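**Q** According to the working numbering, the stretch in the sequence shown is residues 1 to 428, in order.
There may be inaccurate statements among the hints.
To be verified - Ranges of calculated distance between the beta carbons of each label pair, as one might list FRET restraints: (1) K28 / R198: 19 to 27 Å; (2) D363 / D37: 44 to 52 Å; (3) D85 / E420: 30 to 38 Å; (4) D168 / Q211: 19 to 27 Å.
Unchecked claim - Okay, derived cross-link-like pairs now, SDA-like style, lysine to any residue, Cα gap no bigger than 25 Å in a straight line: (5) K329 / E202; (6) K24 / W248; (7) K86 / P373; (8) K199 / D253.
Bear in mind the hints are in silico, worked out from the structure with no lab data behind them.
Please read all numbers here as calculations on a predicted model, not as lab measurements.
We put the beta carbon where it would ideally sit given N, CA and C, even for glycine.
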Amino acid sequence: MSSSANPRSRKTLQCTSAATTFQKAFGKELRRRVVEDREPYAIVQADTPHELFHAMDIPIITNQWWSAYISAKQLSSRYFDAMVDKGYPANSCKYCSLGLACTLANEPETAPWGGLPTPTIMVARLTCDCIQHVFGQWSDALGSEFFPMEAPAWTEMDPNWFAHARSDWERVYQPDRIAHMVREMGDLIAVLENRTGRKFDEAKFHHLMEQINVQEGYVWEAAQAIGKAHPCPVSIGEQMTNTMIPQWHRGSDWAVAHARSFRDEVMERIEAGLGASSNEKMRLMWIGAGVWHDPGFYQALEEDPGAVFVWSMYMPFAGPAYIRDLKDKPMEALASRIASMNETLHLPPWMSGWMVSEAKRCDIDAAIMLLPPDNRLSQSGNKLTASALEAAGVPVLMVDADMVDAKIWDHNRMVGMVAEFLKEKELA
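Based on the provided sequences and hints, a complete structural model is requested.
**A** As structure tokens, then:
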């Protein structure tokens with residue numbers, strides 16, 4: 001089945017529709033500000049300090065969000081082909097380079113928004129070998145400037161980091177690493193003030209950090225409840241939507257209110273005994289970024305044979321990765337989050353320790369792991385995490401596919417592969 005014919009995901013929550021409606025309206029407003037009004041704006045990686053831009057009212061386009069947006073419009077294959085035609089290797093890391101591919105294709109007639117105008121600045125942490133090349137060449141293609149941020153080495157090897165991150169973040173993330181990130185964020189603020197004429201508002205930033213704690217607290221409550229509930233009340237497709245859309249707006253009044261509404265609706269479904277499936281027999285965890293070009297994949301086996309995806313990284317990450325006892329040090333608290341966000345999601349022992357713990361918490365029967373063939377960071381971390389899960393008694397199926405490249409994905413084949421795996425493991 002071609003990606004364009006993939007079945008749509010089913011929506012059961014009122015707040016899911018509310019989130020997508022809000023995001024569509026936000027997308028139109030963002031396009032107006034960036035494309036039509038040509039406001040100063042930035043293109044940034046997901047693991048950079050968005051809060052600084054929010055405190056200065058500077059619009060941002062997150063690279064991963066932009067890639068998912070392009071992929072959802074079934075344009076990824078077209079742009080990757082154009083990238084190869086221009087001499088780039090076919091095995092480029094797809095998730096981070098799709099935005100660059102869209103710019104290089106230079107097709108205003110097909111590109112979302114007609115393509116992106118020149119940003120004021122582009123910001124990424126140097127978490128892997130490819131990112132400095134992607135952002136460096138993308139900034140050249142757009143006529144912008146790349147502001148790289150370091151990924152300081154983490155020597156505190158605590159596999160249970162997630163249990164201490166909220167209150168003991170200074171020890172867990174190491175004072176020297178936090179201090180380094182604070183200095184870099186100070187440099188970034190200075191550049192933004194100089195380039196945009198907008199001033200960094202300390203009081204607004206502090207309030208934003210407090211509100212983020214409130215928002216992520218609601219998400220964390222919902223994640224804890226979902227993990228314990230049998231049947232699982234909400235599929236991970238709706239978990240992703242109701243976690244990630246507010247996450248791009250974290251700390252705003254809308255995001256806080258939406259997170260509360262989501263938590264409340266989850267609790268209501270649990271109280272009523274409602275499940276994502278009426279025939280839950282197996283509980284699965286999905287490891288990796290979402291398959292943005294085929295969200296219906298996650299619900300394909302819910303009724304027959306009763307395999308429900310209960311867990312993905314996005315929702316339970318809200319607690320350990322975002323909530324911080326601020327200790328009247330909001331900039332340092334933010335630095336502790338930024339310093340290791342990518343590592344805790346993708347590199348053992350942090351990734352593996354957390355996911356083994358989460359599998360136990362959520363009564364997971366098996367894990368399906370995305371193994372993007374051209375993403376070296378995911379390759380190494382995921383394989384070691386798979387070994388840790390297997391050792392803990394959780395069988396793992398590795399799926400060679402990409403989160404945004406639909407060319408190597410076939411819905412029916414992937415669903416059949418998961419069904420056969422569950423049958424072989426005598427779970428189905």
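**Q** Each of the hints needs a verdict: does it hold here or not?
**A** Hint by hint, here is what the structure shows:
no.: 1; hint: K28 / R198: 19 to 27 Å; in the structure: 23 Å, holds
no.: 2; hint: D363 / D37: 44 to 52 Å; in the structure: 50 Å, holds
no.: 3; hint: D85 / E420: 30 to 38 Å; in the structure: 37 Å, holds
no.: 4; hint: D168 / Q211: 19 to 27 Å; in the structure: 22 Å, holds
no.: 5; hint: K329 / E202; in the structure: 11 Å, holds
no.: 6; hint: K24 / W248; in the structure: 13 Å, holds
no.: 7; hint: K86 / P373; in the structure: 21 Å, holds
no.: 8; hint: K199 / D253; in the structure: 21 Å, holds
This entry satisfies every hint, going by the numbered hints stated previously.
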